[in-house]
Amino acid sequence: MLLNHLKSSGTWMYANGILPIDLQTPTNFLHEYVEEQARKIIANIEELSQPTAFRLSEVASVQIFLCNFQKFYPRVNVLYPSLFEKFNSPSISCVGVDGLPRGALISMNFVFLKNA
Amino acid sequence: MLDKTIPVRDTRPYSGYHNRPAPNCDQYITQVSAGTPGGEYLRKYWHPFLLSSELKDLPVPVRLLGEDLVVFRDKSSRLGLLHRHCVHRGSSLEFGIVAERGIRCCYHGWHFDVDGRILDTPAEPATSQRKNNLTQGAYPVREWQGLIFAYMGPIEDLPEFPTYDCVDHPQDNEVVPFSMSMPCNWVQIVENGSDPMHNAFLHAIVAGQQFSPAFKVLPQLDFPETPLGFLSMATRKVGDYVFVRSSDIILPNMGQFPNGGNKVDQESLGIRPFLTRWAVAVDDTHSFYIGFAHLNSYNKSVRKMTKEDFGVDKIPFIGQTDNRPYHERQQEPGDFDAVVTQGPVANRNAEHLGTTDRGVVAFRRMLANAIKDHEGGKTPLKPRIVKQGTVSTYAHEIVLKIPIGVDLDDAKKLSEFGHRAAMAFVEFDALPPAQREEAVKHKVKSILESMASSS
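As they're listed, the protein sequences go chains U and H.
Under our numbering, think of the first position of the first sequence as 1, with each following residue one higher.
Under our numbering, think of the first position of the second sequence as 1, with each following residue one higher.
Heads up, some of the hints might be wrong.
Stated by the list, open to error - 30 angstroms max Cα-Cα, derived DSS-like pairs, lysine-lysine:
id, chain 1, residue 1, chain 2, residue 2
1, U, K71, H, K300
2, U, K40, U, K7
3, H, K401, U, K40
4, H, K216, H, K443
5, U, K86, U, K114
6, H, K443, U, K40
Claimed, not checked - Among the chain H residues that face chain U by a calculated CB cut under 7 angstroms, a handful are:
id, residue
7, R9
8, P13
9, N323
10, E328
Treat the hints as calculated values from the structure; they're not laboratory data.
We put the CB at the ideal spot given by N, CA and C, even for glycine.
So here's chain U without its partners, still in its complex pose (with noise of 0.2 angstroms):
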């Protein structure tokens, strides 16, 4: 269900809604502090976009979404240099919202573009 959340059009793939669950056990826990879940999305996506011909160095566009954006905005924003590290400088957006599915603190849509 979860590949649902890829498109893919020639050069173009959307991968959206992805959430810091464990992709093999969704119902398992989610992680409880809002760095591990970040970093658990990205995971996610690495081995989502895996079976695909796209790589996480193609990915052109990144948006965040974050519950409690003013207490979690600033713990993310300094996870950035990490948490991209294997990405190509994509443009990032990030925006507070009231709530995610699964009572997840963040959620990310990513757009890959082939030769980004």
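Dock chain H against the given chain U, drawing on the hints supplied.
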């Protein structure tokens, strides 16, 4: 006060109507505001309230013991902690402009030094005596181990700033600061640390495997007094080993806790705080615990972690915040869920304590007596400084193989061993930590061997 008449309970089934909780009317030990017995007592101690890393070049508003304050570092790197509202017209100094010396109120430019003295009232005539006959309320501040501490009592009673032996031992120890918010009264946080039985149930048996499986073994409890307060002790027989885990409860609000990850599969003995923390009151119904983790080779060997795992509202254990999805908190609750849901101020009149609550009772009694003594004019007991400004502490772990011939299945003997072993850490507390561990090891082994000969 704590003495109360035990109401007669209706023990029939479905007796909810007849057994409603008693009203919560006893706040002697929980109140923190100025003028209350508890609040005045707490004001005689240094309390950490902010991580140094949280204070950058702008002032930070804080609330502490029911008082609204502002902390800042002036451009000469001196720390100031002032009443938040300007003594002139009440504007918040969180919008003050930090100066080379002190801070200047944004509204009319009144300029305050870090000790509250008024340096300048620029809108007033040159002949004005305002700056000489007023001061902004200010409190002394100290910085230690990445934490900022305040003393909020009368300046004439300013106590020596205590430092603790735990930070430099073992040699590779690195302290990493953290703070965690808890929307409840501060006493509940200390009581949680005074209750080693909850480690077995909340952290191992009932709510999930949060500590190592060794914690599933129900322990013998003991709460021996130390020069600082008491030890919150659990002694277990785990397979072929005896396992003693003792946490420091230090009046009024400090505690030190060993790691919950000991697998009890090899012998070891040591002064073993993993967390050193203070439960600090924001006001009667909000608190935070703040302190530092000890990242050394031992603690990292039993629980995988890095210094990045600690910070503001961040420590690497499950269940310390309300950030988790509600249903997951219900499925595997943690300390936050157990402690905060006791209520903003736990209703102690509605409790029915059991034999395993002796540590909670010991803490309440010590605290109530200390507050009462303070009300009666006595100087509160301070940490005992034994050497070069340093206070010896007592949190430790012992894991020893049980010699053949020693029967520690006997609960009384198990408890006796734990007590005597823990007391060895008190007996040798004047020694430097490494020598102290050696002396304790020798003594504890001889205690165990003597139990073999007397079995």
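Do the hints match the structure? See the list:
1. K71(U) <-> K300(H): At roughly 28 angstroms apart (the allowed maximum being 30 angstroms), K300(H) and K71(U) satisfy the hint.
2. K40(U) <-> K7(U): 21 angstroms, holds
3. K401(H) <-> K40(U): 41 angstroms, violated
4. K216(H) <-> K443(H): Holds - the C-alpha atoms of K443(H) and K216(H) are around 28 angstroms apart, at most 30 angstroms.
5. K86(U) <-> K114(U): Distance ~15 angstroms between K86(U) and K114(U) Cα, so the pair holds.
6. K443(H) <-> K40(U): 48 angstroms, violated
7. R9: Violated, because the Cβ-Cβ distance from R9(H) to chain U comes to roughly 38 angstroms (cut-off 7 angstroms).
8. P13: 36 angstroms, violated
9. N323: 6 angstroms, holds
10. E328: 5 angstroms, holds
Of the numbered hints stated above, those contradicted by the structure are hints 3, 6, 7 and 8, listed in ascending order.
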